[in-house]
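Engineer: Residue numbers (UniProt numbering), protein chains in the order written: chain A, 1 to 567; chain B, 1 to 567.
Everything labelled a hint here was simulated from the structure, so no lab data went into it.
Here the structure is a predicted model, which means the values were calculated and not measured.
Please note: incorrect hints may appear among the correct ones.
Claimed, not checked - DSS-like cross-link-like pairs, simulated, lysine-lysine; straight-line CA separation at most 30 Å:
id, chain 1, residue 1, chain 2, residue 2
1, B, K421, B, K126
2, A, K126, B, K532
3, B, K306, B, K421
4, A, K127, B, K481
Residues per chain, in single letters:
There are 2 protein chains.
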Amino acid sequence: MRQSNMLIPTLREVPKEADIPSHQLLLKAGYIRKLASGVYNFLPLGKRVLRKLETIIREEMDRTGAQEIQMPSLQPAELWESSGRWETMGLELMRLNDRHERRFALGATHEEVVTSLIGDEINSYKKLPLTVYQIQNKFRDEKRPRFGLLRGREFLMKDAYSFHETYESLDEAYDQLFTAYKRIFERCGLNFRAVIADSGAMGGKDTHEFMVLSDIGEDTIAYSDESDYAANVEMAPVHQTYESSNDEAMPLEKVETPNAKTMQEVADYLDHTLQEGMKAIMFKVDDRFVMVVTRGDHEVNDVKVKNLLDANIVELATEQETIDAVGAGFGSLGPIGVPDDVEVIADHAVKALVNATCGANDNGYHYRNVNPERDFSATQYADVRFIEEGDPSPDGHGTIQFAKGIEVGHVFKLGSIYADKLGASFLNQEGRAQHYIMGCYGIGVSRTLAAVVEQFHDEQGMLWPDSLVPFDVHIVNLNMKKDEQVTVAESVYDTLQHQGFDVLYDDRPERAGVKFNDSDLIGITHRVTVGKRAGEGYVEYKNRQTGEQQDVHVDDLPAFLSSTTHA
Amino acid sequence: MRQSNMLIPTLREVPKEADIPSHQLLLKAGYIRKLASGVYNFLPLGKRVLRKLETIIREEMDRTGAQEIQMPSLQPAELWESSGRWETMGLELMRLNDRHERRFALGATHEEVVTSLIGDEINSYKKLPLTVYQIQNKFRDEKRPRFGLLRGREFLMKDAYSFHETYESLDEAYDQLFTAYKRIFERCGLNFRAVIADSGAMGGKDTHEFMVLSDIGEDTIAYSDESDYAANVEMAPVHQTYESSNDEAMPLEKVETPNAKTMQEVADYLDHTLQEGMKAIMFKVDDRFVMVVTRGDHEVNDVKVKNLLDANIVELATEQETIDAVGAGFGSLGPIGVPDDVEVIADHAVKALVNATCGANDNGYHYRNVNPERDFSATQYADVRFIEEGDPSPDGHGTIQFAKGIEVGHVFKLGSIYADKLGASFLNQEGRAQHYIMGCYGIGVSRTLAAVVEQFHDEQGMLWPDSLVPFDVHIVNLNMKKDEQVTVAESVYDTLQHQGFDVLYDDRPERAGVKFNDSDLIGITHRVTVGKRAGEGYVEYKNRQTGEQQDVHVDDLPAFLSSTTHA
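Use the sequences and the hints to build the structure in full.
Structural biologist: Following this line, the structure appears as C-alpha cells:
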C-alpha cells in the first residue's frame, strides 16, 4: 500500500486520556480511534494486526478439531433468565427491546445460546464430544472502561464451548484447548503464564487464566523462578514446613498495651518482631463467626477460608459484631478465651510459634508468651494465608516470585451447570437422558493485541513480532522530489510486492524526520530507506528490533529480505 | 472433518415457517438455525460458506485499493441526531441506553460513524480519494422478518464508503466498485443484473442495485432481452415513438356513462379498447393539485412524476379533494375544463391519441372523440408511465422483459449530504474548507448466501458453485461395519487431505439411504462413495451438479479429482 493513500493518522501528541503504553501507541500510531467510552474504531493498521491474530487463533482452534460457528449478538432475555444471569450480570449486561417490546441481551458471552443450540440439535452421545467456537464482538457495559483495548465495552473475543458425556472427556478437551492456547500466545511472541485461577462463583472445576506479564496488569501472579508453576495469588497454596524454636515455653502473661492497635505498634511496644506476633481477624461465614489467626507478618487469604469451610459467603465482621462476639474491638483480638460459638482457625505457621503475642479480647491488653495448644486450641490448623515472594513454590521447584499480569485467555471446566439450568440433555450410552458436561474457553482478541504492544514497544513506538506485524517491509523514500530516488523506490516497491512481500511504501511528500518518526512509531520490523545512495543502486536496510543497519544493493534486496524475514 | 463429530443437524421435515427454497434448505441441511425472529445461528457448514464468500469480497475490495477497517456496532445517538436519522429511521433502528443512560444506536449502517471518523482524521485533499470498508453484522429491526437470511434483523454486511474532493473522483471510485461488485457476484456464479435504481430519499446521484434473478424476489426488474440494460421497474424511462392514426378528428361529444367507473367498464360501455381511452389521476404534489393523464392501458409512475416536477412529496389526492378541485370523483376525471390552479401533465402516448375517451369531470359522464390540444392542453407531455414488457429497451437494443430480483448489492453516489450534516470537511486544493463528496457501497453477505441457494438447488438439496462449496470432496462410506470399506475410506480420507483437499468424510453408522440423502442435501459437488467394490480398490465418483458417475481406482483418485475440481 502507498502510505499517501492509506488511513494512518499518526499523532504528534499523546492523547491525555491514554495512560498506558499500548493505549498511547495504538492511538499515536493511528491503529485505533475512540468512538465512545470503551468503544473503538480499528483503522487499517489495527485491522491488519487483528486479522493476523484471528488467523493464528483459527489455525490453532481448527487443529484441535473445534468447529467454527457464528452465534448472534441479539439474544432473547428468556435464555438469560433460565440461567439466572439476566439478574446476576446486573448493569454489565447490555439490554434492549425490539419494536414489539420483546427483551434482548446483547451477547456478553454465549453460554446460554450455545447450550440451548446444542441441547436442541444433538440428542445422542454418539455426536459427543463436540467443541464449537466463534470469533465475534462482545458487549459488556463496564463500569469504568479504561486502558484502551484492555477494558472496553465492545471488544473482539474468541469463545469456545465443549460438550461431553463424561468428565474424563472434558479433561481431554481441556488439555487440548490448554495446549492450543499456549501455542496461540507463543505464536504471538508473548511472555505469559498459564495461571491456576479461582473457579469462583461459576461453580466449575479446574480453571486456568493465561496472563501476559506486564507491570500495568491488574492481577498479581505468584510464579516459580525455576518451573512452569504459576497461580493467581489468591489461589497459590503454601507448602511450607515451619520449625519451632527450641526456646522454653514461658508463663502466659497479660499486659497492658495502651494506644497500640496495629500489629506493628504492638510489636514495637512489646519489643518483638512481627513474626513473633499473631494476627486475628474475625469473619462472618454464612451467618456464624469464625476467627482466623495467622502469624503477624502474614496476610489472611479469604478465598482459602471460603474454600476450607466450603462456605457461600465470607465477609469481614464489623467492629461492633466483633465486640458483641468476643468482647473486644479490632486492635485486641486473639484466640485465647474465645466463646464456644466462635470457631477458631489458625494457619500452619501459627502452630510453630513459641512464646508469641496475641490480643487479649480486652481492649488495650495483649497476651505475651502465648503457646498454641497450651493456651488455646484451634478447631483446625490449615493453609489460610496468602503466599508471599520467597515462599517455596508449591510444586516443589524453586521459590515464588510475584508479577503483574494481563488476562488474555481463560479455560474453564464448567461442568453441567448451564445444561442443568437450561435443561439441555442427550441420551447417554446407557440410553438415559443426561445433562451435558461442558467446558468454556475464551480469548480476548483485541485485548491480546494491546497486551502485545505492552510487551513490544520502546520509546519510539511499536516493535511488532513477525507473526503480527501489519506489513512485512516498510519502504521509506526520503525525498519525493528527487526523480532518481522516486524511480528506485517505485522499482523496489514493485519488485518486493511481486516477490510476495506485503509492503507499506511511504511515498508522502513529507520531511525525512517525519517519515522516520512515523516509521518507528508504526513499528514494522524491516525498513528499507531510499536516500542519497539511490543513484548508485544502494538502499539502507534497518531492523527496527535489533537496530542492525546496512546498505544493500537493490538487486540483492529481495534475497536479503527473504533470508532476513524468513518469508 | 469426520461427519460423525461435526454439527450438521440435517432434518427430515421442512420446518413450517420456511416457505422459500433457500430458507427450507439452509435449515434442512443444517447450515443455519433460528435463535429469534430474523436472528440466526450459522452452524459449521453455513459458517464455511460465509467465510468463502467473505474471502471473495475481501479479495475484490482489496484489489480496488479499498482499506479494511472495523467500526463499532455501539454508536452514540448524537451522531444519528446530527444526520437526522435518529428520527427518520424510526423503529428500524435498534436503540439502547448504557448504565449511565447514554443513548446508543446499534449499527444498522455506518455513514454517520465513518463520516465523523474521516472528518476528524483527514484534513487535506492530499489523502483523497480514500475508500474504506468492513465486513460486520448489522442490526435492523425489520417489521416483518422473513425468508430466513433474506430479510433478517441481525445480518452480515460488507459496507464501504469512499471520500472525494470532486465528483469526477467519485465517478471513478463508483466505476471501480461497480466492477468489483460484478466480479464478486460473478465469482459466486450468480445470474444477476446491475440495475439502475432510485436514488430516492437519500438525495444522491447515480445508484445501481445488484439483483440476483429469482422468482421469490420482491423487486421487479425491467431488462433488455438483447443488451446489459436493466433498471428497477420504477426507474426505466420509456423511449417510444407513438404514431397517431390517420382517422379524421370527430366532434367532441359528452355522453352519459351510468355505473361505468373503471377504465374497463367505460371501454366496454362505449365499445372501444383500453388503448383508445385516457386515464386521469389526481395527485397532491407539495400541496398543489396535478392531474396526470396516461393512455388507458398504461399505468402512471409516480416516481417519474416526482422527478419531473422536482417535488418533495407526491401522493394520491383523496376522492373528496378531487371533487373539491374539479367537481367530480375518481370515476369521471379528465383533462378537459380543468380549473387553472390544477396543472395537467400528460404522457407522450396521450398526445398521439385521436378521437379518444376521457372523464368529463361530471360524475356519470365521459367525453368521446377527445383530441389533445384541440380539446385540452397539458402544461407538458412527458414520460410519466411505467415501462411494460414488450416496450423497446431504453438503450435502443432489444425489448423489455420483466424479472423478479433479490437485491444483494448496492452502489450509491451520496454526494456531500452526510458531510454537510455532520460538518465533515478538509482543505481542498485551493486551500479552502470543503465538505467531502462521498459514495457508499453495500453487499448483503448473508443475503447473498441465501440468494446463491435460491439459484443453485434441486429437489434433493443444494448445488453449490465451486467458489462457495463448504468442502471440496464428500467421502461417503456406505457401511461402517465392513472393515474392508472402513480401511479404504480412511485411507482415501487421509490421502485426499494430505493432497490439500478439504474433505468431509461421512463415517457415521447410518444406512446408505440416509447418507445419500444427506449428501445430496448438503450439496458438495464431488462425492466419493466407498461401497462394495472397495475390496477391488474401486470407489464411485459422482458429480452432484452434472450427475456424471464413474468408478475410479483409489490410486487414480487424487489425480482424477485434481483434474475434475481444478483444485
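Engineer: Out of the numbered hints, which ones does the structure contradict?
Structural biologist: none
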